[in-house]
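Protein chains in written order, with the working numbering: chain A, 1 to 385; chain B, 386 to 706; chain C, 707 to 1027; chain D, 1028 to 1288.
Honestly, the hints are just simulated from the structure, not real lab data. Glycine included, each C-beta is placed from N, C-alpha and C at the ideal position. One thing to keep in mind: the hints can contain errors.
Derived pair list, reagent style BS3-like, types lysine-lysine, alpha-carbon separation capped at 30 Å [claimed, not checked]: (1) B:Lys578 / C:Lys1024; (2) D:Lys1103 / C:Lys815; (3) C:Lys1024 / D:Lys1176.
Residues on chain B that point at chain C, a partial pick, calculated with CB under 10 Å [as the list claims (entries may be wrong)]: (4) Thr411; (5) Val564; (6) Phe638.
So the derived label-pair ranges between C-beta atoms look like this [what the hints assert, rightly or not]: (7) B:Leu524 / C:Leu720: 53 to 59 Å; (8) A:Glu55 / C:Gly788: 22 to 28 Å; (9) B:Ser581 / D:Leu1144: 46 to 52 Å; (10) A:Lys163 / B:Leu554: 57 to 63 Å.
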Amino acid sequence: MRVDKFSLCATVVLIGALILAGPAAAIKIRAVFSVTGPASFLGDPEKKTAEMLVEQINAAGGINGEKIELIVYDTEGDATKTNLAVRKLITRDKVCAIIGPTRSGSSLAVVPLIEKYKIPQLSCAANYKIVHNEKTGKPYKWIFKTPQSDGLAVEAIYAHMQKRGISKIALLSVTSGFGAGGRQELLRLASQYGLTIVADEKYGPKDTDMTAQLTKIKGTAAQAIVNWSIGPVQVTVLRNWRDLGMRGVPFYQSHGFGSRKNIELAAGAAEGVFCPLGAMNVAEKLPAGHPQKQVTMQYLKDYKAKYNEPLSSFGGHAWDAIHMLVQAIQTAGCNKEKIRDNLEQITGFVGQHGVFNMSENDHNGLTKDAFQMVVVANGDWALAD
Amino acid sequence: MRFRWSWLQTGIGPWPIENALMETTTFTSQLLQYLITGLTIGSIYSMVAIGFNIIYNVTEIINFAQGEFVMLGGLVMVTLHTVAGLNLLIAFPLAVGLVTLIGVLLDRLAIRPIRNPSVLTLIIATIAASILIKGAAMLIWGKNPHDLPAFSGRDPISFFGAVIQPQYLWVFGFLVLIVVILTLFFDKTIAGKAMSACADNPHAASLVGINVNRMILLSFILSAAIGATAGIIITPISLMEFDRGAMLAVKGFAAAILGGLGSFPGAVAGGLILGLIESLGAGLISSGYKDAFALLILLALLFFRPSGLLGNAQVSRIKRF
Amino acid sequence: MLRIRQTPITVFALLIGVFPLIAGRIAVIENYPDVMIFVGIYCLITIGLSLLMGYAGQISLGHAAFYGLGAYVSSILTTRYGINAWLGMGAAMTVTALVAFAVGAPSLKLKGHYLAMATLAFGIIVYIIFNEETAWTGGPDGMGGIPGLSLFGFEFDSVNRYYYLVWSIMLAVFCFTVNIIQSPAGRALRALHTSEAACGAMGVDVARLKVIVFVYSAVLASLAGSLYAHYMNFVNPSSFDINFAIKLLIMIALGGMHDIRGAVIGTFLISFLSLEWLHVFEDYESIVYGAILLVVTVFLPNGIAGLPTMAGRWLKHKSRG
Amino acid sequence: MQAPVDPILHVKQIMMTFGGLTALMDVGFNVPRGIIKAVIGPNGAGKTTLFNVITGYHRPTEGSVHFEGRQIQHLKTHRIARLGMSRTFQTVELFGNMTVLENVMVGRHHHLPGSLLSCGLKLPHVRRAEQHAREHAMAILEFIRLADKAFEPAHSLGLGEQKVLEIGRALATDPKMVCLDEPAGGLNETESGQLSELICAVKDRGITVLLVEHDMKVVMNISDEILVLNYGQKIAEGTPRQIQHHPKVVEAYLGGDADVA
């Protein structure tokens, strides 16, 4: 029987094309960010950053020649949707590792899942409970997170206050996961820094005015105010503070304030406000010798070039997560156990939000040195002393 | 370069700390501040509640997209005034006009096409529209909040120890203006009287030759215009972003119910009372529970006066649901 | 005349039974059983709500709160006091029934939009309590470590196992509720919707019947909440907010208010749209969602369950020329 | 049928005011057992208000209502219904989307087990009771001659049939007395003739009838006693013959421009 030459050639070409086109089973990474919904202003820069980085890495040949396949699932900041998405990417997509979620609530919601299915995860949410099993007092085995824990930001703020001789403070927080997480740490750590909390006020994430809360604080002996919130309310509260003539009471924002857009929106009311920020927010202001100078400047440049919008500190969490994961995969391939072990052994990793030193007892790897105390001056950040 | 305390350089100097407290805050001035803040927020709620009432009176619908009008008002104004650089006096009416157009579209595309509707179907249509508008706004204006410059600067005015932002005065002013214009409209114009007739008894109104469809359209126009106005004047105080509408709609709805659905004095009173409860509750009792206080009082009131403060039980009985 | 036949229910039950076996073999829908667990849980709420809203004609925007109560009470009892999960669920249902009675008895005297506001207010207050009572609920961060369910040593720990658990409960509740609808009580309920006055004259205790149905639907929501909590092993307040209450309303309206089967169809559709299908639209998701809702409301004012009737009418119209 | 001496309904000095408006003033009368009593009067005379007071839809400002020797003015509607007093409505209040049979079966409601648990589980006694109720309702439909339309939706009936069905539904509650609010309103000659027959047939079953009616022909033909209201006050009471010639009644009807008898 004669073999048709044409069909033979066609088959060979086809098989060849399949081998070439179907990249040797790309490394599957999935990210779960709240790209839409109430926390979209956090998830959006994270998604953009992750996509940009994967593009860069793949353009440079991927990891050991293997391309990364990244798909971002939108959680809308919702616990149920996050649960579904994570379960889907574990059971259906069979991923090597997970990046995200964006919000503390969603991240805490999938802790049981991650631990059960044993998938390395790098969360981009802040709450320390994500990497701290309250029952054992140790980190969850499979979960890591890149954002600095609220406690570190609180310590940075409190240390600064202590230096300034402040002893009575007022707290303001938004009634969301972010605000509640920060408030808890603020209350917990106050006594260690010799601080008395004289007011503990809250407001809703969509409130239009916080004058009432500030007026109440005005009537106390508070020497400084700490505010813990994200989104438009953290700007509104600043304006109310300014309008009430309370500039004499120093105002500390959380690290959630880390976007220049917020200074702009505050329309001058942010002048003199303190804020603990990761190095990436003040990249240009860092001294040349600063360890993070180079990576932060590079990210800033790339992001601006690609998306032409101001950098947000939340994108930096995704940056840290992707890069650490890539580093872990380099020697582990898609071996989940090994990826996890590698992640735990990361030391001296220079990221956007600090220098990470992971360990068995610390799945965040940052200290309060990850924060620079920054003050708003002339409409821009400046390093505070 | 390291930065040193900005106020030391500018001479506002708070140090030593005790200076910060030099300005004594008495309880009365605090109370006054709560009242001022409450009335300002309340005025916005009132405006949203008035918007609810106008549409409710003619159609018996609670328009859940009412909050989106407010959001759109603010964001359209941002585009016209700060992005396109139009003068305030031109941008304001233009923004209101554009949002009104959305109101017309809402009526034409979502309300009118529904045949033999039940009131609940209509409500779902407005919910659907609000989801759609919110989604579109996210694409157009992005996910971040936007700001407008205050109409007459941001230098606060001192008032017996309390502080008033100039924008607060604009908020009060516009509430008064809206109330005056609406009163004149309903009392003096044919269209206004026809609308009141529709509100009292739509069936009878159509019998005497009033074009009920046109009145519904007019109600959407008016309500969108008022919503947009509220959005424009609140944005300099609290910024505006695509998903702010829902919260304002809920508060406005609560205000409308508190005052009695369909009653304009009720809407104004309901809004102001709601604002005051929130502000006083936050200031004097607990800020975490301030929204809960307002709603608890609303519930208690409803149990004793099932038609709200100034609502008419007889009228609400004719209305379908 | 409403007669729900047995055969379609049996077929439906069989389909539900074999679905995981089929879905497990098709990669694209491999995760659908997982989604279906939530569909089943939501169905429990909408079945009760449909009875309350579609049959008894009483609107409620407070059922997200009952759902939340079910979730939190059984979570707190199991995690803090180590109580057996099934007992916890029973306790949660009892607590919810008591709360529903306390809220329902005075609220259900209210009419139409006033009732909507009262239940909405209750829902928001409960939501605020979930957020604020951190010592009990863990606050906005939520609470984890909630144990899964097991029966005589059999753990419902995989998707498929929980799927069968949820859907067995759901089908039992569905049949139970269908029986109620076709019983004297159900007949009285449907009568109530048309004319409360006439119902009273027939010796039907209208107020009592309303409260009973309100409590029944609340208990179902509570059961759903407990099932949710023990599946997720985690709860946080935002799963029980107003948005969820409105989503329930949409599910029922979209499926068809006056038909309990409609509630199930609507729940399927909205759950799959929002949990699975619409994600491909990314930022356009909310626009597409709103548009779908709007189109369905405009063209199918009686919901999807009303489709056969509409089609029948259309065919009749056609054949007549 | 022998009428017992004690009246089935005793209305004592009813006063009813809405806001500042007095709708009923010192209205008092008796309805002896087993008769047909009509309440007539010009529009706005307070007839429907009187009905609403008797059947528990309004609570009188003053005065009392006694049904079978029991005070009922403070009771809720459904309690009064269960004591054996049922009613129809001036504007037809049928359950339009339900079938004719189901409408009548609603009238059997308080004779049926109603607990959600037993209904939901479809316990045998529920089924038996339901079967019984169905038979009972069919018998009533036979009586009101609507049996052939038992499975049609109520809203598809003509007005005359709807009015009849309302009476049938009221009968299903096993009442001792029915209150009919303008049963002949809007009906043509033939229909009101049939209706008169039906009302008499109801009386023959031993059920007392109280009716408000504008159609004087119907009233004069079937009533045993008539009560006349004007401006919320009782102006006359007596047999049809007495009423026809009562000077106050003639004045009330001819003096105002209300419909003339």
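So, going through the hints one by one against the coordinates:
1. B:Lys578 / C:Lys1024: Given that 30 Å is the threshold and the Cα spacing comes to 44 Å, the pair is violated.
2. D:Lys1103 / C:Lys815: This hinted pair holds, its Cα atoms lying about 14 Å apart.
3. C:Lys1024 / D:Lys1176: The hint holds at about 27 Å.
4. Thr411: Violated, about 30 Å.
5. Val564: Hint violated; Val564 (chain B) Cβ to chain C Cβ min 23 Å, cut 10 Å.
6. Phe638: 6 Å, holds
7. B:Leu524 / C:Leu720: 53 to 59 Å: 44 Å, violated
8. A:Glu55 / C:Gly788: 22 to 28 Å: With a Cβ separation near 50 Å, Glu55 (chain A) and Gly788 (chain C) fall outside 22 to 28 Å, so the hint is violated.
9. B:Ser581 / D:Leu1144: 46 to 52 Å: Holds, at about 51 Å.
10. A:Lys163 / B:Leu554: 57 to 63 Å: Violated, since Lys163 (chain A) and Leu554 (chain B) (Cβ atoms, about 41 Å apart) do not stay within the stated range.
The earlier numbered hints that this structure contradicts are 1, 4, 5, 7, 8 and 10.
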